[in-house]
Every structure is written in structure tokens, then in C-alpha cells.
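Colleague: The primary structure of each chain is shown beneath.
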Amino acid sequence: MESVHAVEFKGVTKRFGHNTANDHIDLYVDKGVIMALLGENGSGKTTLMNMLAGIYAPDEGQIFVDGREVSITSPKVAFDHHIGMIHQHFRLVDVFTAAENIVLGLEEKGRLDLKAASKRIKEISAKYGFDIDPDKKVYEMSVSEKQTVEIIKVLYRGADILILDEPTAVLTPQEIEKLFKVMKAMRADGKVIIIITHKLNEVMEVSDVVAVLRKGHHIKTVRTAQTTPAELTELMVGRKVALNIDRKEPVDPKPRLTIAELTVRDGDGIKKLDNVGFIAFGGEILGIAGIAGSGQKELLEAIAGLREIESGTIVYTPEGRHPEQLVGKSPMAIKEAGVAMAFVPEDRLGMGLVGGMGMTGNMMLRSWTAGKGIFVDRKAPEKLAADVLADLEVVTPGVDYPVRKLSGGNVQKVLVGREIASAPSVLMTAYAVRGLDINTSYTIYNLLCQQKEKGVAVIFVGEDLDVLLELCDRILVLCGGQVSGIVDARTTTKEEVGLLMTSVGGKEAN
Amino acid sequence: MMGTIDFIVALISAAVLNGAPLMFGTSGEILTQKSGNMNLGVEGLMFMGGAFGLLGAFAYGNAAGDSASGVVAVLISLLCSFAAGVAGALIFSFLTITLRANQNVTGLALTIFGTGAGQFVGELMRIRVGGNVAISNELKLAFSGSPFPAALQNIPVVGPLLFSYNVFVYLGVIMIIVMHRFLNKTRKGLYLRAVGESPATADAAGINVTRYRYIATVLGGGISAIGGMVYTMTIAGTVWNHTGLSGEGWVAVALVIFCLWKPINSLWGSVLFGALLILYIRLPIPFLPTQIYKVVPYIFTALVLIMVSIRQRREDQPPAALGTAYFREDR
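So the sequence lines, in the order shown, correspond to chains A and B.
For the first sequence, counting from 1, position 447 maps to 484 in this note's numbering; every step adds exactly one.
For the second sequence, counting from 1, position 212 maps to 199 in this note's numbering; every step adds exactly one.
Hints listed in this document are in silico derivations from the structure and should not be mistaken for laboratory results.
Mixed in with the good hints, there may be bad ones.
Cross-link-like lysine-lysine pairs, in silico, DSS-like; alpha carbons within 30 Å at most [to be verified]:
1) Lys159(A) <-> Lys175(B)
2) Lys127(B) <-> Lys152(A)
3) Lys183(A) <-> Lys175(B)
4) Lys281(B) <-> Lys174(A)
5) Lys164(A) <-> Lys127(B)
6) Lys285(A) <-> Lys257(A)
7) Lys281(B) <-> Lys159(A)
8) Lys127(B) <-> Lys146(A)
9) Lys173(A) <-> Lys252(A)
10) Lys249(B) <-> Lys156(A)
11) Lys173(A) <-> Lys366(A)
12) Lys146(A) <-> Lys172(B)
13) Lys183(A) <-> Lys164(A)
14) Lys366(A) <-> Lys291(A)
15) Lys127(B) <-> Lys183(A)
16) Lys281(B) <-> Lys113(A)
17) Lys281(B) <-> Lys183(A)
A few chain A residues that face chain B, going by a derived Cβ cut-off under 8 Å, partial list only [said to hold, decoys possible]:
18) Tyr65
19) Leu149
20) Val180
21) Pro360
Here a beta-carbon is modelled for each residue, glycine too, at the ideal position from N, C-alpha and C.
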């Protein structure tokens, strides 16, 4: 019976437009095994698992469950095959109790019997070592309790194959330990557990086998006991690719932004930045690397004055002027001091641009206080829009054409172009080339290099290690909101940065 | 002493009578809003219900002549007004659920459409008859008389307070209790609330969001429209009276908020609002214009909103997805 695997992917391919998220993946898992799915952001881990959970349908290839080919068209069908996925973003109704959430959507006959449901929930909890009150309302729960509800929801429906999408990202170390104990109890019960993660120490601690994905390809599956974090990192990041970005040596770098002991919490009180400190120099590009959600966004927002700072200092030293403290200043004051931010979020238009307005209108968002009396000044932004259009070769029918209808690359050009036009002395960009084709990406790289040569301190938050290594002068690596290390981009290796990204200080997992 | 008691008893029974249309208007809208659909067209739906309910009874009375049965007339009126509400709510559902149009705009359009349609039918009947639309006294009594024997009604204090109302009051109470049980005790009720709170969660759990929204909105619209019929056939005395009916739907929408989206609260809420609506007749204060009285229900609603936002209890909040269309690919 060894030849029948609990789950097997054969040649599974999934494309989104021209982007191939999964390219002919062959992979299998056996019963009673915890498999870690390891890979960088955008390596296709979640996409692959979403196909198993019925969120997406594969474009090519087959999926087998217990040796039989299956077609999983919806989450319901996945449940029928005893597959359950715990997503990163919980799917729970806040005003319902745990029990009400768990029975939601179940096709059971007869009256709604929450008491019986509570009893079964308690049985499941006792079996695997969960700690949950079925009558507690979700909005009163901690993140870890909510996750427990999600896991029980899946078990309640009789799942034998559990997929956990980065389950530890939101948990404290104690909670992680508890979760791992539960996972091991489920493994002992013969269940298949697939955990999507990019934390090497967790991979080493909890998994039996590790499947490494890179850029949509399945690189290799190894037994955890027979591998090392160093080997996994190498599999994960791959060999260095030459990009030939025209990188000049920084000329006369001067401290521009000095950040010390910066701590920021989010709305839930979770530490997003923990005692972060670094110096950004004028005339250099400081790259910021890290797994998604390691605090990059919070760092930029804190500098721009958009986020409340718990403690720490941000000292800004403009060219030929006295240093000034940015903490406590309004976003407007910070912007006027010369700190610009071109933040490209996942949906591109979410922050910085108004989709329904044209280029002129969007340029005006930076200058709406200019002009006489109650009237805004339209002339200057119109000229600026025309300049950006010509300089950056934005493809648009006209400066008043809604930016929402432009292609992603052109939207990004408008955004970056506007920020550069304000002649900043600090320029922050995040994911500036996300979703862009090679040529457009190079346009953006060149723009950033030009700014650097003008003496601007450029902060470049990126996700592609190859780009970070070739574009930046130094790279700051964030890991879980902490500064994991600052390395020289010219001499470091992808492996070094990769290790820093996955564990603070790049120490090997214990 | 006796006078005071009589006055209070009279005030309460008048309040209940005037609250009956609100019971339907409000509980229908609560059902709709629990699904996450904000139908601001209640005013229009109640107008349509009032006009078509009257039309049904009137047509039946004319056709059956002397052999007309009161029970049948009531049933026909109920059915006609319910059907009119269903039709209006179907338009709303198609626009907001299927085409994902803006709910507020669609609701306001439905109000304009419904009041227009109601006026048209009402005025048309008046012109056809050449005067006020009237139905026979026997049929009238079937609408406004109490279903209980005279012996019960004549018990002092208790009789007028409990047994003297028209059949719709009792029907409304039963319906509200049924709706309360449905929402809180049944599987389907739980699923419906989930749809209104978080359609994405419901969808992921395999609940058909579109179907739940359609059914709740259409049924809710029908129930709201019955409220308009109850007004026309009892309070307005089976005469088409659009000035009396106007504003009733908006009070019902305010009452939904006042009741904190809980049908059981509309039991006493509609009596309270019914009292506020007639206070200018029963408790006139010299020199105080009646318009001031009409504002009171809205002031009450505003006060409740303020109290709720101070207390910040999650259970008192509107359904979290209220007013938003659901589109699976929006994740």
C-alpha cells in the first residue's frame, strides 16, 4: 500500500494571466506526515494549496486523494474529500460564538442543536489538546483562539488532510509551541498536515518532510532529519541571477535619516517593529528585505508619520540644515521637510493614487494646499503631469484619463514620478516593481539610481533578492519586526540574506 | 382616579392600533437588513401595500356583492399587499444583489417608485368610483373588529388592553415571535445572520449568499408592504388616504435602528412609536405645533444610536455587511 499517497499532485499548473504561479508541480504526501511547504513570497505555495482546498481550479494536471483522481471545484467538495484549509485570514463571524461558527454551513438534518455541537467540540478539543470555550464570542477571542476555532471547524467536518497557511505568523512563541503540540497529536492520529511557512526553525522543529518551491517550480522534497537550514535556504533562494543594473559607488554619503529604538504596535497591540535602528545615507540606496509582513510597511508608515510610534526616535538631517526630530510631526510636515513615499501596495491604487482621477488630479494630491484662496492651482500639476508623461513614457490617452484604467506599470510610473518630482531628499518606495515587466522595471531602477546620484537617500523595500543585491548599496534585513542584520549588497550572498530573513541574526535553528 | 386609568387604557390601545402597521413595516425590514441588504424603499413598499390591499378588498367586495365574506376579504387584502411588496422587493433585489447597484440609491428610487405606484392605484380607484373608495360596513368590520367575543372585550381594563384589537395586531405579534425564533434558534436563521455579518465567511462555509439575500429581501419586502395595508384598512378606515400613510415607512426604518435589528424589540418598540405618532391628538400641548410631535420618533432613534455607540456592545451593532454587495472575487 506504500504506493498510494494521501495526496498527490501530478503536473499541476496554474496561471494568472501571463504569470505562471505553479509550473507542472509533482508532489505527494503520505498519511501521518507533517509536510512543510517552504518558499519565498510568490513562490506559489499558497496557490498550490488553494487548488487542493477548492479555491482555485488547476489549469493543467491532476490531483489524487488516496490514489483516486479528484476534481475539487469548491471548498465544499474539498470537505467531501476530507480536506480542510486554515487560511491566513480567518473566516469567522465576529458576533457568533465558537460553536455557532463551527456549525455554520453544515448540511445536517433536524433542529439546530448547539448543545450537541458544543459537546462534540469539547470531545475534539480533548482528543488533540485544544483549549476552547464553545460559547465564547469570536470578538472576545485572541488571535490564537480564533485560529483554534478555525482548526476545530475543519476537524468537525471530518478533515483528514489539514492545510495551515502560515499559522505561526500571528502567534506568540508560547502559542506556537501549543500549536505544534496539537499538530503532533493530529499526526499521531494518522492525519496529513501541510504547513505553509518560510520560517526555517519551525520547519526543522515540526515537519517530517520539506517540499521547497521556488518561482512556481517544485525544487526538491527532502526529509527534515537529513537536511540543514543552510541547504534549505539554498534550495529556497536559488542561484544568483545577473541583472546588470548600472550601480555607481555612493558619492560622499552623509547620514540623512537616523532611526533608533523604533517600536510600533498595530491596532491589536501586536509588536510590528521591535527596537529597530539604522541610518539611511544620502546618495545611497538602502534596500529593505524581509518576508512579507515583517514590518516593512509599518517602518515606512512610521517614517512618513502615518503610524503611531510607541517609542524611539527618527532624526532627519537635511542637506546643510540642522537635524530635526520627525516623531510627532504630521504627515504633511514630514512631506514638506522632504521625505517622500511611493508606496505600492498589493492593489497598487490602494495608497497614493485615486483611481477615478486622471494624472493631473493625482499630481494635485501633493499640491492641493497651493493656490490662491479657495481655488486650487491647476496649472502646475498639469505641467507636472505632462512632464511625468513625457519623461517616464507613461502610456495613456491623456493626462486626464483615469489612472485606474492604465496598466499596472503605468500606474506605478505615475506614482513614482510624482514622488520624485517633489524633489525629495528621502525617497521611500515599496514593491515599486511588483507586477511589472522587465523593461518597465529597469525604467524604475534607473529612476531610483538617478535619485541616488543626486544625493537622495533612497529606501527600497523589495521582495526579489536578485534585485536587492544588484540595485542597493546596503541591505537591511527585517525578521519579525526586528533588524536581523545590515549587509553590504556588493559582497553578500543570497544565502546570507535568506538566512537573515528567516531567523533573527541568521543563526541556525536550534 | 377612574378618569386617569381610562385615559391611560385608551392611550395604550390607541398606541397599539397605530403601532400595528409599524410591526409589519419594521419586522419586514429587519429580516431584509439581517441579510445585509439595506432596503430604504420601505416607504414605497408600504404605499404599494396600502393601495393594492385596498384594491383587493374593494374588487372582491364589488364582485361578491352581498355574499362577500369578511375572512376572505382580509385574506385577499393580505395577499394583494404582500404580492405588491414582493414585486417591489424583487426589483430591489435584482438591482442590488444580481447587478450589485448601490443599495441606498436603489432604495430611494424604490421609495419614489412605490409611492407613485400606490398613489396611481389609489387615485385611479377614487376617480373610477367618483368619490371615496368605500367597502361595505360588514367587510370593514372584518378588518377593524376584534376576533374575540364581546364577553372578553368587555372585561374592564384587561378587555380593551388585550382583546379589543383588530386581527392584524395579533397576527403581527405572532409573526414577530416566529421571526425571533427563526433568527435565533434555527439553522437557517443562523446562516442568514452569517450572510449579513460576513458574506465571505458564509460563502466559504458553503452557504448560498445570493439565495439567502434574495429570499430574505423579498419576504421582508412583502411583510413591510402588509404594514401599509394594515394602515389603510384599519386606521384610515378603508379609505385611500395618502397623507396619513406618508412618512410611515420612514418611521419603520428608524424603528429598525431603534430596535437594534432585533425583531423581539419591535414588539414594544412599535407600540411606543405608535404612541408617539398619535400623541399630538391625545396629549395636545397648547401652542406646540403637531410637526414637533412628528419629529419625536426620530429624536428617540438618534438617542438610541448615541447610547449604542457609547456602550459599544458588539451585539447591538448593525449587521457588519449591511449595505454592501457581495462579490466572491473581491476577496
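Colleague: Are any of the numbered hints broken by this structure? If so, which, sorted upward?
Modeller: 2, 4, 5, 6, 7, 8, 9, 11, 15, 16, 17, 18, 20, 21
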